[in-house]
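Which chain is which? The protein sequence lines are A, B, C and D, in order. Residues in the first sequence are numbered from 1 upward in steps of one, following this note's numbering. Residues in the second sequence are numbered from 1 upward in steps of one, following this note's numbering. Residues in the third sequence are numbered from 1 upward in steps of one, following this note's numbering. Residues in the fourth sequence are numbered from 1 upward in steps of one, following this note's numbering.
Keep in mind that the hints were calculated from the coordinates and are not lab data. Be a bit skeptical, because a hint or two may be false.
The list that follows gives simulated cross-link-like pairs (lysine to any residue, SDA-like), each with its CA atoms no further than 25 Å apart [unchecked claim]:
(1) D:248 x B:244
(2) C:278 x C:246
(3) B:167 x D:93
(4) D:3 x A:248
(5) C:248 x C:17
(6) B:174 x B:190
(7) A:57 x C:88
(8) A:248 x A:203
(9) B:117 x D:260
(10) D:248 x D:142
(11) A:117 x C:289
(12) B:117 x D:93
(13) D:248 x D:222
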Amino acid sequence: MNALPRELLVVEGARQIRDGDLVIVGTGLPLLAATLAQRTHAPDAKLVIESGVIFPKVMPTPVSVVDPRLMHGASRHGTLFEALGGMVQRGLVRTGFLGGAQVDEFGNINSTWVAGKRLPGSGGANDIASHCGQVVVLTDHERRRFPARCDYVTSPGFLGGPGERAKAGLGPLKVKVVTTLCVMEAEDSALTVTALMPGASAQDVLDNTGFIPKFRDSLDTVVLPDPEEIRLLREEIDPACVYFPERKTR
Amino acid sequence: MNALPRELLVVEGARQIRDGDLVIVGTGLPLLAATLAQRTHAPDAKLVIESGVIFPKVMPTPVSVVDPRLMHGASRHGTLFEALGGMVQRGLVRTGFLGGAQVDEFGNINSTWVAGKRLPGSGGANDIASHCGQVVVLTDHERRRFPARCDYVTSPGFLGGPGERAKAGLGPLKVKVVTTLCVMEAEDSALTVTALMPGASAQDVLDNTGFIPKFRDSLDTVVLPDPEEIRLLREEIDPACVYFPERKTR
Amino acid sequence: MHKLLTAAEAVSRFVRPGAVLGMGGQNINRCPMALVHEVIRQGPGELTVVGCNLSLPLDMLVAAGLVARTEQGTGNLERYGTLFAWRRAVERGEVSVGDHSHLAMATRFAAGALGLPYLPTRSLLGTDLLADLVRDGVAREGADPFENRPVVLLRAMRPDVALIHANRADLNGNVVIEGVTSHEVDMVRAAHATIVSAEEVLPAGAFADRPEQVTIPEAYVSAVVEQPYGAFPTSVYRAYDFAEGEIKEYQARGREGDERVRGWLAANLGASFEEYLKTRDASGDLRRELAEQMRRLV
Amino acid sequence: MHKLLTAAEAVSRFVRPGAVLGMGGQNINRCPMALVHEVIRQGPGELTVVGCNLSLPLDMLVAAGLVARTEQGTGNLERYGTLFAWRRAVERGEVSVGDHSHLAMATRFAAGALGLPYLPTRSLLGTDLLADLVRDGVAREGADPFENRPVVLLRAMRPDVALIHANRADLNGNVVIEGVTSHEVDMVRAAHATIVSAEEVLPAGAFADRPEQVTIPEAYVSAVVEQPYGAFPTSVYRAYDFAEGEIKEYQARGREGDERVRGWLAANLGASFEEYLKTRDASGDLRRELAEQMRRLV
Chain A
1 MNALPRELLV VEGARQIRDG DLVIVGTGLP LLAATLAQRT HAPDAKLVIE SGVIFPKVMP
61 TPVSVVDPRL MHGASRHGTL FEALGGMVQR GLVRTGFLGG AQVDEFGNIN STWVAGKRLP
121 GSGGANDIAS HCGQVVVLTD HERRRFPARC DYVTSPGFLG GPGERAKAGL GPLKVKVVTT
181 LCVMEAEDSA LTVTALMPGA SAQDVLDNTG FIPKFRDSLD TVVLPDPEEI RLLREEIDPA
241 CVYFPERKTR
Chain B
1 MNALPRELLV VEGARQIRDG DLVIVGTGLP LLAATLAQRT HAPDAKLVIE SGVIFPKVMP
61 TPVSVVDPRL MHGASRHGTL FEALGGMVQR GLVRTGFLGG AQVDEFGNIN STWVAGKRLP
121 GSGGANDIAS HCGQVVVLTD HERRRFPARC DYVTSPGFLG GPGERAKAGL GPLKVKVVTT
181 LCVMEAEDSA LTVTALMPGA SAQDVLDNTG FIPKFRDSLD TVVLPDPEEI RLLREEIDPA
241 CVYFPERKTR
Chain C
1 MHKLLTAAEA VSRFVRPGAV LGMGGQNINR CPMALVHEVI RQGPGELTVV GCNLSLPLDM
61 LVAAGLVART EQGTGNLERY GTLFAWRRAV ERGEVSVGDH SHLAMATRFA AGALGLPYLP
121 TRSLLGTDLL ADLVRDGVAR EGADPFENRP VVLLRAMRPD VALIHANRAD LNGNVVIEGV
181 TSHEVDMVRA AHATIVSAEE VLPAGAFADR PEQVTIPEAY VSAVVEQPYG AFPTSVYRAY
241 DFAEGEIKEY QARGREGDER VRGWLAANLG ASFEEYLKTR DASGDLRREL AEQMRRLV
Chain D
1 MHKLLTAAEA VSRFVRPGAV LGMGGQNINR CPMALVHEVI RQGPGELTVV GCNLSLPLDM
61 LVAAGLVART EQGTGNLERY GTLFAWRRAV ERGEVSVGDH SHLAMATRFA AGALGLPYLP
121 TRSLLGTDLL ADLVRDGVAR EGADPFENRP VVLLRAMRPD VALIHANRAD LNGNVVIEGV
181 TSHEVDMVRA AHATIVSAEE VLPAGAFADR PEQVTIPEAY VSAVVEQPYG AFPTSVYRAY
241 DFAEGEIKEY QARGREGDER VRGWLAANLG ASFEEYLKTR DASGDLRREL AEQMRRLV
C-alpha cells in the first residue's frame, strides 16, 4: 500500500502533534493530520477551531471551520473571541497549522496579496502565528510558493531575520514546513532543510525553492506511513476523498 | 392610608423612571422603586442587575443582586462584564440608583471609607455613576450623610465642581438625591434643593445638611403617593416588610 | 415590545445607503441570506460590509454593485473557492479593503460592545497587516504601560446595522443560536441596530425559563423577521446542513464573471425569500434532505 | 482525562501558601463553601483573595488568619451586613485592600482571560479609587489614542488558583452553571489553575450533545470535586435557595468578634463538608426546604 505524496504530508503533519497538545487547525490536510494524530499516537491531543469550537469529535469530513461535522461532540460551542483570544492569544494552544500562498525564507506567510492578485486574507492565521509556540505548514513544494521574501506578510514568522520577532513584541516560535519534497525547520532563523521526502533529492528542493535554503549536515528521510495510518486516512478520516481527489481516480 | 416617610422615598424614586428606560438597581428601596414604576407609569421600563441579570420579572422580595427572586423570568442570565460593561459602560442604561454612606455638595458618593471606618466598597456604584445619564440616591436625611466633601470619592458626581467631570473624561450626568426631607438636584453644579417632602421645611434641610445647599426659587412639594401605589408597595412588592420593618410594628 | 417585521420592512427601516453593515454568519454556516437578498432587492448602495469571514452575502452584495468597502478577516468559501465578484472588484480598485486577522476584527467588535474607544491585541505585530491598518487610522502601535511590551491598539467597530440569522427568537427579540457564534454576539452588542431573522419566532418570554440559554438578549435587537430556511444554502446547526450543490452553482457563476452572477441574482431572487426557495427547490425535497442530513450529524 | 479529586486532594495540590486565590460566587449565591472550608482545614496562609463581591468565604478565611490582602469590588453580605472579620482586619491594618469597581475587577479578569497585559476602562476616572489603584501599580491613567479622551488602563489579574461551585460538571471538567455567573467565567479563564466543586459530577462528555450550554470548557479546569449542597448556606440557582438563618447566625458571630467566629469554625467545620452539613442540618430537613423554596422561585 503505497502512500500518495499528499498522504505523506498528512502523516508527517500528524507527527508534529504530541499527545496532550492543544492544536488549532482549519480544514483540509491539517485537519486530517490532527485527526490522524488523535487516532494514533496522540489520543489526548485536543482541537481548537477558530470559529469557536472547543475540543470537537470530528466526523468525516468537514470542508469548513463551521461545518457541522466539525462541531460534533464538542466540549463547547463558543465564539471566535474565545477561541483566538481566550485560548490562542492566552497561550494555551501549542501548535497551529497554517496554509498560505507564499512562505518565505524566514517563515513568514502571505495569504493576502500576491502580485496584485487578491487572496482570501488572514482569517485566524496571523493570530496563530503570533501566539502559538509552533507553526506547521503542509504544502506542495512549488517554486512560486517559496519566495525569498513574501510579497505581503500576513502571518509573522521571523520577519526580516533573527531577533526581529522578539523586537516586534512576539514570543518565540518554531516553524516546520512539510512539503511534497522535504521538511524545513526554523527557530529565529532562516528555514533549514532537515529531512527529505522518500525519493526526493536536495537538488529537487533547490530547483523548486525561490531562495537557497540551508541544509542540515545530517539529513533525515521522512518515514513512510505504516499501513494502519493509511487505512485510517482512507477509510475513516476522509472516506469520500474530499481532500484526495487523486485517490478517487486511481 | 398615610405613607411612611421611607415609602414616600420609594414613590418619589419611582417617579424618576420614565417608561421605556433601562434602569440599573441593586436591592433595597431602589429595587422597590423600580418595581413600583414598572407596575404603574412605566410598564416598559427594564431592569439591569450588575450580577448579570438582564430584564428580570422580580418576585418579592430580593435581598441581594444574586437572589433567585431577582433572576426570575429574565431576558438573560449573563455576567457582570455584560451588565456593567456591555450595557452600562456601553451607554444603554439611562438611570442608576445608588446608595452610599456620604453624598457631598457636588454629588460625589462615598461607600469605601468614613473616618477610618471600613465600608463595603464600590461594587458597581462607580461604574453606574461614571456611565449612566442620571443617578438617583434614596436616603435618610442625616447631617453625617451630607458632608461638604466626601472623605473618599468612590463614585463620581461633579468631583471638585463645575467642569471637573468633563475634564476627567466622564460624560454628562444628572444627580437627584431624594431624602426624607427634600429632593436635591445637580447637573454639573452643587446640589440644589428643588422640592421639600410634605411637612418638611427649608430650615429642617439646613439643620440636617453638612453644607449649605442652594434652594431653587420656587420650591415644589413632593406629591403624596396615591393609595394604589401604597397598596402595591405593601401588598405586592414587599409584602413581608423586608425593607419596611417599621411597618411590621405599627 | 414586539419587534416582528417582514424582511422588507426591517431592511427599509434600518439599512440606509452608505451604512456600515455588520454581517453575521461565517462561511457556509448561518449566513443571513434572506436579509441579504432583501438588501439587494432594495438596493441601498455605498455599503461598508464588515465581519470576520465574509462569504456568500458579501459576494452577492458586491456583484449587485452595493459595496464600497469591506473590513474583514477573510473573504472566501474555503473548499468552494474565493469570493470571485469581491476579488475582481478589489483587484479593479472598486472596493477598498481593510484586512484584519480574525482576532483583530473580534477585538474591534468587543471594544464597541463594551463602550470602549479601543481595545489592545498582541496579534498583528510586525506584519504588513498592521502597517496597512495604521495607515487606515484603525490601528496604532503602543506599549503595555506596565511591562512596556509592544501591543496593538484597535479602534472600536460599531456597525450601523448588523444582520444575523438564528435558530429561534421570541417576539421581544431574545435570540437563541445553536452551534458556534463566531463574531456575532459582540458585533450585535456593538451595533447601533440589529435585524435578526430566525427559523422560528416564538411568543414573548418563550425562553424566560432558561435565560442562560439566550445567546443575545432583546436589549440589542431592533427587529425580528421569521424566515424558515432563512440561511439557505448555508447551514443552521441542528436544523439543516448546507446545500453544497447550490453553493457550487453560485461559485460557478462567480468564476464566469459579474454579469453571470447578476443574471443568477435576477433569475433567482424573486420578490421574496419564499419565492427564491420555491425557484431553487420547488418540491421542498432538497430542504428536507438537508434537515435529514443534519440530524445524522448532531 | 478524568479530573475527579476529593476537596482535600484538590486543595492540597493547587492551593499554596501565598497564593492569589480567585474566589467564585457572589454574596449569597453559589459561593464555593466546601472548597473554602477545606482551605481553612489545610491552612495555607498569606493568601491574596480576589473577586468581585467577596462574602462569606472571605470573612471565614480572614477570621482563620489566612489572608494578607484582598482585591475586590465589595466585601459585604448586603442585607445581612458587612464582613465583620474582614472589616476589623482591614481597619487594624492586618489585611491590605485593593478597592476596585466591579467593572474594573471584571476588566482585569478579562485581560487575564484574553492573554493581554492590560485592558482599558472608562470607569474609575476622577475618583479616589483610581488614585489608590495607580499608587498600587494596578492602574494607569492614559488616553484613547484615536480621540485622545481619558481612559484607565488596568493590569491583568491572573489568580494562581480559582475556586468555584457549579450546578454540574463532567469528569473532564466541563462545567454547567445556571443563573448568573458574575465574574467567574473570565476569572477561571484567567487563572493558572481552577478547582470546581459541583452539585453533581456526570460521566465524561455528558454535555457533548449541547456544547452551547457548557459555561466553562474543560480546557480551563484542573480538578473537579463532587459535593452536593457544596455552596450551603448560599444558593445554587434551580437547586436550592440560600439559608437565611445560617447566614444570620454566622453574621451574629461576626459582630461579636473574631474569637467567636473562630469558635464557630472550630465547632462546625469538622473533618469534611459532609460532617459540617450533618452538624448544621442533621435531619436534612433544612436542605430539603431550601430545595423546595427554590422550586417555587424559578
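Checked hints:
1. Between residue 248 (chain D) and residue 244 (chain B) the alpha-carbon distance is near 18 Å, which keeps this suggested pair within the 25 Å criterion.
2. Between residue 278 (chain C) and residue 246 (chain C), the direct Cα distance comes to roughly 13 Å. Compliance with the 25 Å bound is thereby established for this hinted pair.
3. A C-alpha spacing of about 34 Å is found between residue 167 (chain B) and residue 93 (chain D), which places the hinted pair above 25 Å, so the restraint is violated.
4. Among the hinted pairs, residue 3 (chain D) with residue 248 (chain A) is inconsistent with the structure: their alpha-carbon atoms are about 44 Å apart, more than 25 Å.
5. Taken as a hint, the residue 248 (chain C) and residue 17 (chain C) pair is broken in the structure, with Cα atoms around 30 Å apart against an allowance of 25 Å.
6. Proximity of residue 174 (chain B) to residue 190 (chain B) is assessed by CA-CA distance (about 11 Å); at most 25 Å being required, the pair is judged to hold.
7. Taking the CA atoms of residue 57 (chain A) and residue 88 (chain C), the gap is about 38 Å. The hint is violated against a cut of 25 Å.
8. For the hint pairing residue 248 (chain A) with residue 203 (chain A), the CA-to-CA distance comes to about 31 Å; that exceeds 25 Å, so the pair is violated.
9. The straight-line distance between the Cα atoms of residue 117 (chain B) and residue 260 (chain D) is roughly 21 Å, inside the 25 Å bound, and the hint therefore holds.
10. The straight-line distance between the Cα atoms of residue 248 (chain D) and residue 142 (chain D) is roughly 44 Å, outside the 25 Å bound, and the hint therefore fails.
11. The straight-line distance between the Cα atoms of residue 117 (chain A) and residue 289 (chain C) is roughly 38 Å, outside the 25 Å bound, and the hint therefore fails.
12. For the given pair, residue 117 (chain B) sits about 12 Å from residue 93 (chain D) by alpha-carbon distance, which is consistent with the 25 Å threshold.
13. For a cut-off of 25 Å, the pair hint linking residue 248 (chain D) to residue 222 (chain D) is broken: about 34 Å separates their Cα positions.
Consistency with the previously given hints fails for numbers 3, 4, 5, 7, 8, 10, 11, 13, ordered from lowest to highest.
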